[in-house]
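K.L.:
When you get a sec, could you build the whole thing from the sequences and use the hints?
Chains A and B supply the protein sequences, listed in that same order.
Each residue of the first sequence is one higher than the last, beginning at 14 in this note's numbering.
Each residue of the second sequence is one higher than the last, beginning at 14 in this note's numbering.
If a hint is listed, it holds; no wrong ones were tucked in.
Chain copies aren't distinguished; within one or between two, either way the pair holds.
Calculated cross-link-like contacts (lysine-lysine; reagent style BS3-like; alpha-carbon spacing at most 30 Å):
1. K283 with K318
2. K204 with K276
3. K32 with K125
4. K203 with K276
No lab work stands behind these hints, which were simulated from the structure alone.
There are 2 protein chains.
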Amino acid sequence: MSDILISEVGPRDGLQSIKAIMPLDAKKAWIKAEAEAGVTEIEVGSFVPPSLLPQMADTAELVRFAKGIKGLNVVALVPNIRGAQNAAAAGVHAMSLPFSMSETHSMKNLRKNHAQMIEEIKEIAQIAKMANIHFAVGLSTAFGCTIEGAVDEDQVAHLAEAAANAGAMEFSLSDTTGYADPAQVKRLVKKVASAVGADKMTTLHLHNTRGLGLANVAAGLDAGITTFDASLCGLGGCPFAPGASGNIVTEDLAFMLNAMGCKTGIDLDKLLRVRDILAAALPDEPLYGFTPDAGIPLGMEQRNKG
Amino acid sequence: MSDILISEVGPRDGLQSIKAIMPLDAKKAWIKAEAEAGVTEIEVGSFVPPSLLPQMADTAELVRFAKGIKGLNVVALVPNIRGAQNAAAAGVHAMSLPFSMSETHSMKNLRKNHAQMIEEIKEIAQIAKMANIHFAVGLSTAFGCTIEGAVDEDQVAHLAEAAANAGAMEFSLSDTTGYADPAQVKRLVKKVASAVGADKMTTLHLHNTRGLGLANVAAGLDAGITTFDASLCGLGGCPFAPGASGNIVTEDLAFMLNAMGCKTGIDLDKLLRVRDILAAALPDEPLYGFTPDAGIPLGMEQRNKG
Numbered sequence: 014m015s016d017i018l019i020s021e022v023g024p025r026d027g028l029q030s031i032k033a034i035m036p037l038d039a040k041k042a043w044i045k046a047e048a049e050a051g052v053t054e055i056e057v058g059s060f061v062p063p064s065l066l067p068q069m070a071d072t073a074e075l076v077r078f079a080k081g082i083k084g085l086n087v088v089a090l091v092p093n094i095r096g097a098q099n100a101a102a103a104g105v106h107a108m109s110l111p112f113s114m115s116e117t118h119s120m121k122n123l124r125k126n127h128a129q130m131i132e133e134i135k136e137i138a139q140i141a142k143m144a145n146i147h148f149a150v151g152l153s154t155a156f157g158c159t160i161e162g163a164v165d166e167d168q169v170a171h172l173a174e175a176a177a178n179a180g181a182m183e184f185s186l187s188d189t190t191g192y193a194d195p196a197q198v199k200r201l202v203k204k205v206a207s208a209v210g211a212d213k214m215t216t217l218h219l220h221n222t223r224g225l226g227l228a229n230v231a232a233g234l235d236a237g238i239t240t241f242d243a244s245l246c247g248l249g250g251c252p253f254a255p256g257a258s259g260n261i262v263t264e265d266l267a268f269m270l271n272a273m274g275c276k277t278g279i280d281l282d283k284l285l286r287v288r289d290i291l292a293a294a295l296p297d298e299p300l301y302g303f304t305p306d307a308g309i310p311l312g313m314e315q316r317n318k319g
Numbered sequence: 014m015s016d017i018l019i020s021e022v023g024p025r026d027g028l029q030s031i032k033a034i035m036p037l038d039a040k041k042a043w044i045k046a047e048a049e050a051g052v053t054e055i056e057v058g059s060f061v062p063p064s065l066l067p068q069m070a071d072t073a074e075l076v077r078f079a080k081g082i083k084g085l086n087v088v089a090l091v092p093n094i095r096g097a098q099n100a101a102a103a104g105v106h107a108m109s110l111p112f113s114m115s116e117t118h119s120m121k122n123l124r125k126n127h128a129q130m131i132e133e134i135k136e137i138a139q140i141a142k143m144a145n146i147h148f149a150v151g152l153s154t155a156f157g158c159t160i161e162g163a164v165d166e167d168q169v170a171h172l173a174e175a176a177a178n179a180g181a182m183e184f185s186l187s188d189t190t191g192y193a194d195p196a197q198v199k200r201l202v203k204k205v206a207s208a209v210g211a212d213k214m215t216t217l218h219l220h221n222t223r224g225l226g227l228a229n230v231a232a233g234l235d236a237g238i239t240t241f242d243a244s245l246c247g248l249g250g251c252p253f254a255p256g257a258s259g260n261i262v263t264e265d266l267a268f269m270l271n272a273m274g275c276k277t278g279i280d281l282d283k284l285l286r287v288r289d290i291l292a293a294a295l296p297d298e299p300l301y302g303f304t305p306d307a308g309i310p311l312g313m314e315q316r317n318k319g
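P.N.:
As structure tokens, this is what we get:
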């Protein structure tokens, strides 16, 4: 089995979805402990105005801290050119821009239509190039939109191609709304890979809104995906469904990939212990995950050493 | 996409795993409502001595009731020859015998070693043949055992072949312990199909102990599986992991298969409403499932009509 990258997005996608603000020291402890468990890429925050998302106000400081951890790829989300400039100034290794495949959602979320987003991508690609930063684009609402419903799959491939021509170096398909199913994952990954090249169509960002998160991972693996975003403790929940988890749970994903014989480099036992940091820092947040309750099965200890 | 059968096992596997005894009338209402939602096969109970499992004491009566529902395939579990005789007397359409692939577990669970189980299967196959009843064997602990750890996959194929020669008509691979992963599911389904014929290796009985249940369904579909057991509300939980669900959740499974374009015949909206019966009859039991919270996505109403 091949190497698979688990990209931890909890400090960004998890924390921006909850009301509580995690103290900076707890964020640092989380990032450090998770890196020690073998996670090699973490999205540490988002360069958005603190007035909009106070939970992300310390992103620049987290970037500097995380860059001190050997072997860790430090990623931040950027919503626009201003964010990209700030991310570059902070010294991220990589930045990620959400590009909504539903134009209605794009207008509502970033107040830009598709043509304007392509222009934005061109400018951010220049910033990334100048600063020698990796620049990925997340194709959000790619599997469906809570406002528009179904999103045309050919349009997704077409927009990805336009973004690649504008300078995006890598793509993630994001199931922002929890609509994706395994058949659609295989279909859409292949379609976008055909449009931009399989080397650029590497990542899935999946939510577990309807419990299909790991099924979609299994489908993604079959389609050649090599990177999966996930959130420790499934932090953040799902705004559309109280009680339902949001991002797929890092611990369950790591268990599945390790069990399948993929090389994740993650020591599951150490990873499970990182939950204590979140439980202490966010006492009122529900923490998700099945493997944390069930534990590592008898006879599977070795392959979960990472 | 092909026709896929969802076989509801909640009235047996769900109810036998909880302390509360569901009143007969509630069981009948459940079975009737679920059949009306489009479920065409239900395992209504188990022919075990009521002294061991008082929750299953009314199985014969439930069989008679369920046989009155047009188009419903009525299944019961039988642990041994005596159970098979009682199932035949009650008039089941099909009976299912658990055959543990871990000999330690087999001794502990049914007090028989593998050779004794093959003898038992021979006798039950005779009973089934005489009564014109379908006879399936569930290869339990096939993916691993909480006592033995890993279970040899070649041994599973070998034991399935012996059971087929003894008269078993169809096989289910059961992830009794929640150890299975998608790679293993594909491998083991192919191995057993090679041993007994793909037409007999039709079914997966999966648990969601570590959150991988639907991922294993996706893998099973790829491997040619056409029947999946599931339990409404994930009823029964998991004895090894408090808070973790046991059987995969019928509602989430139906959503996934419908979304993928498989023909399940299930009206998801109607199915979701059957939960009310369980909630009312078992007020102290936790009910699981993601789709019930998140609902049917915008634009996917039609394909969830069944």
